[in-house]
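J.: In full-length UniProt numbering, the protein residues as written are 1 to 105.
Since the hints were made in silico from the structure, they are not lab data. Bear in mind that the values here come from a model prediction, so they are computed numbers and not experimental data. Any given hint could be a false lead.
[What the hints assert, rightly or not] With beta-carbon atoms standing in for the labels, derived distance ranges:
hint	residue 1	residue 2	range
1	D22	G70	23 to 29 Å
2	S29	R49	30 to 36 Å
3	G27	R86	17 to 23 Å
4	L61	Y28	43 to 49 Å
5	Y28	R102	37 to 43 Å
6	L37	M99	17 to 23 Å
7	D3	E34	27 to 33 Å
8	L57	D22	28 to 34 Å
The beta carbon of each residue, even a glycine, is placed where N, CA and C say it ideally should be.
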Amino acid sequence: MLDIEVTPNRPDALGILGLAFDLHALGYSLILPEVRLGTEKVPLPFGLRVEDPRGALHFTLSYAFGLQVGPSPLWLQRILFACGMRPISNVVDVTNYVMLERAQP
């Protein structure tokens, strides 16, 4: 267990990856997870319009479909419990895990 103090200018250190990058800067090894992005073009069941492109220079959207809500795998439940969170369902739990990993809600 680590007990760390995070200064206001380092909110990235509140997440698992931010802390891992800091430890890597101190000489520890860093193994980043492989991230695979889908390239399939899927029609969206809703409309999307950017009214003022000057206010949105970059826009990213992810759309998940075909999900089956159910219990999370045990490894994910254990991580959430260790972080003081209660597992709810696979869909909710994975978003909470990403929040812990990236320090972003």
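J.: Are there hints from earlier that the structure breaks, and if so, what are their numbers?
T.: Checked against the structure, the hints that fail are numbers 1, 2, 3, 4, 5, while the rest are satisfied.
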